[in-house]
Amino acid sequence: MPPLPTAGLGLKPQHYSEAAACPAAGAQRGLWFEVHPENYMVAGGPRLCWLETVRAVRPLSLHGVGLSLAGDERPDRDHLARFRALIDRFEPFVVSEHLAWSRRGGVYHPDLLPVPRSREMLNLVCDHVDEAQQALGRRLLIENPSAYLALAGHEWDEVEFLVEIARRTGCGLLIDVNNVHVSASNMGFSAEAWLDAVPGEMVGEIHLAGHRPDPVWGEALLIDSHDAPVSETVWALNDRLIARIGPRPTLVERDGDVPDFPVLLSEQARAAAAMTAVEAVA
Amino acid sequence: MTGFHAAFDRALSGDLDALWPHLEAGDRTLGALAVYRNTTIKARIDALEANYPTVLQMVGEDWFRAAAAAFVAEQPGDTPVLADYGAGFPDWLARFEPARDMTYLAPCARLDRAWTQAHLAKDAARFEARGAAALGPALAGVTANLDPSAQLFWFEWTAPSLWLAHRYPSPDASLEWRAEAEGLLVHRSGAEVQARRLGRAEWVFLDACRLNRPFGVAAAAAQAATPGLDLSALFAALIALGVFTLPSIPKDRS
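Protein chains in written order, with the working numbering: chain Y, 285 to 566; chain G, 7 to 260.
This is chain G alone, in the form it adopts within the complex:
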């Protein structure tokens, strides 16, 4: 090409001079260029707002859009699928100097991202309590599979509670940021993305499942983490969430 696209690209990043040789002189030229610049920047910032609603709620519209504009300039994105835009935003926020005193911001951004990923994740057939019961003692040897939407988190701070209080408001929600360890499971059950705080044993159990260990190994790990654990109550609670998908069961089982 005659360099037109490259020149336009540069003009979009702010180097307007690059495009002059490709333009007819006109008094609205700067205004017209601004239309393209504004449209591309606004579309990305709007996408970030939609994808990070908790961060938006915490810092307010003006702060969010100013920060988003700085992010957009650094990571303009390579995908036309805007629901997927801004994967790097949580890490970027963690390094963003003006956010230094808001240590809760990047963790909450990470959880917003997990929500989006769960929302858009592949559908999979659910492993129900009935199916697990039918396996009897053989269940212990069956390889566990987490639903493709499931994401596990463990924080040394109360980031899960703080995020939940914004994203799933309830009267008893705590807005306190405390140095207290908490786990969180974000996953989709049917059409709804759900988030549930996890205790240490639940997290250890699910983490072993995430690594596709047999259910028996996950159970042993959870018991080691929490001596005296009521394992059947734990398993009943987790399988009721719909967080496991159908395992492939060896045919020679009988």
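Extracted from the complex, chain Y is given alone in its bound form:
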């Protein structure tokens, strides 16, 4: 039986051959990879071949960024169909998306845009998650995005809102610990309290990433930039979360200033060690 997925990495094209050749031993025994399906919604060619090659030796997660589940338009049928085709072909062990929107009136915004957590929005998001889960034939994990803007009209706090979506639709949660830290710092709430409120049984995956202070506003506005190593604060928050709920497949994300593969592996090994440490206690 193949080893269970432990700590994973976002798969970058410049690392395809190293990812496929990485021996499944030590901290890399349970190494897995995550990709954005949007980068593989292509007709053919080497990208898909490489993904096949990596998938043949490693578990894969598909992490969508374009379904626009919190949009005021229904999920795009064509996008769902292309997503479904990738799920059928690559058989990911987990499929996830965001509590965010990105598409409206025929324009796609390459970002994860926020919404007020109102009752009206809750109903809308639940309808879209239901529709997506049905079309994809899979349970989704929904991720908390980073918050920058103080929106009016929130009737729920973020954890309550996510839990209610999970309860109504049967989806699970993907907890991005860096996003919790960035949002807590920007919006002025306690990241510890946020994480302590998450029901462990709903969590199917954890994301870790780096962030940076905004070039203009400095530490008063943190940006979820994915272009730096995971910060010590975020590692500590992750330890706190998994000490309570137990280990979960944990992804280290890096999308900008991507270092060499061995550097990423050292961060992946640290995430795997954190998981092992809480397993040993339990």
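Bear in mind the hints are in silico, worked out from the structure with no lab data behind them.
Misleading hints may appear alongside valid ones.
Stated by the list, open to error - Covered stretches of chain G, as calculated for chain Y (at least 3 residues, CB under 8 Å): (1) 12–23; (2) 78–85; (3) 217–227.
Claimed, not checked - One-sided and incomplete, this derived list gives chain G residues near chain Y with beta-carbon spacing under 8 Å: (4) His28; (5) Leu29; (6) Arg34; (7) Thr35; (8) Ala38; (9) Met64; (10) Asp68; (11) Ala89; (12) Leu126; (13) Ala127.
Virtual Cβ for every residue (Gly too), placed ideally from N, Cα, C.
Take the given structure of chain Y and dock chain G to it, following the hints.
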């Protein structure tokens, strides 16, 4: 909805006032809005840079990003598949006033786009020289199919040479922009996108194949374009590129 999404949409296009009723007052509000605006614009410009590397190389980073920002404002795009973003960029560049003196820019952008399309095109089984030889004289009646990645170009200028010199640099590459006709074939063979200059006869042959004419018709067209053509050498060179896919051969052939 209460108009939140529409208001946010307008704020992303620069009309920040639209979003005020949906915000709590705060001193970082403008900074936070800029984060979303910058992220969406930067992601699109980065995608254009990745999809048009020759244009980037020709004009430099600053000029490219300024032009790309103007393009992004006009054609924000409708797809989350960023490898496919910016299909309209070559035509837009052709009309872009500050690029008026760089007549080579739009043609080179078109070839960059062809490279991307070849890179992402459907995989197909290749028609090999051996298979063609096995058909014997019947080959002339067989309908030709070009590989889904194959794209043909014919320019009255040396755009293919100029583009090749940037995208596939070689010591003897010419950076001259001359009024001299050249053809180009861009296609993918296995994992690699390849580009090859075409003479008139090759272009005429492949163009007939693109229109799914029988090989015999393509051969006649090429011979008409270039009297005295060595047809078997031409066919051998083209089929060796892997540019044809398996034809459907009529069963009653024997």
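Each hint tested on the structure:
1. Look at the segment 12–23 of chain G against chain Y: 4 of its residues bring a Cβ nearer than 8 Å to a Cβ of that chain, three or more, so the hint holds.
2. Look at the segment 78–85 of chain G against chain Y: 4 of its residues bring a Cβ nearer than 8 Å to a Cβ of that chain, three or more, so the hint holds.
3. Look at the segment 217–227 of chain G against chain Y: 0 of its residues bring a Cβ nearer than 8 Å to a Cβ of that chain, fewer than three, so the hint is violated.
4. For G/His28, the interface hint holds, the least distance from its beta-carbon to any beta-carbon of chain Y being 6 Å, beneath 8 Å.
5. Using the Cβ-Cβ criterion of 8 Å, the hint placing G/Leu29 at the interface with chain Y is satisfied: the shortest such distance is roughly 6 Å.
6. Using the Cβ-Cβ criterion of 8 Å, the hint placing G/Arg34 at the interface with chain Y is satisfied: the shortest such distance is roughly 6 Å.
7. The restraint placing G/Thr35 at the interface with chain Y holds, with a minimum CB-CB distance near 7 Å, inside the 8 Å limit.
8. Satisfaction of the interface hint for G/Ala38 is found here, the shortest Cβ-Cβ separation to chain Y being roughly 4 Å, below the 8 Å cut-off.
9. The interface hint given for G/Met64 is violated, since its Cβ lies 24 Å from the closest Cβ of chain Y, which is over the 8 Å cut-off.
10. At its closest, the beta carbon of G/Asp68 sits 18 Å from a beta carbon of chain Y; the interface hint therefore is violated under the 8 Å criterion.
11. Because the closest C-beta pair between G/Ala89 and chain Y is about 6 Å apart, less than 8 Å, the hint holds.
12. Interface restraint check for G/Leu126: the shortest CB-CB distance to chain Y comes to about 4 Å, inside 8 Å, so the restraint holds.
13. Because the beta carbon of G/Ala127 sits about 6 Å from the nearest beta carbon in chain Y, less than 8 Å, this interface hint is met.
Violated hints for the displayed structure, listed by number in ascending order: 3, 9, 10.
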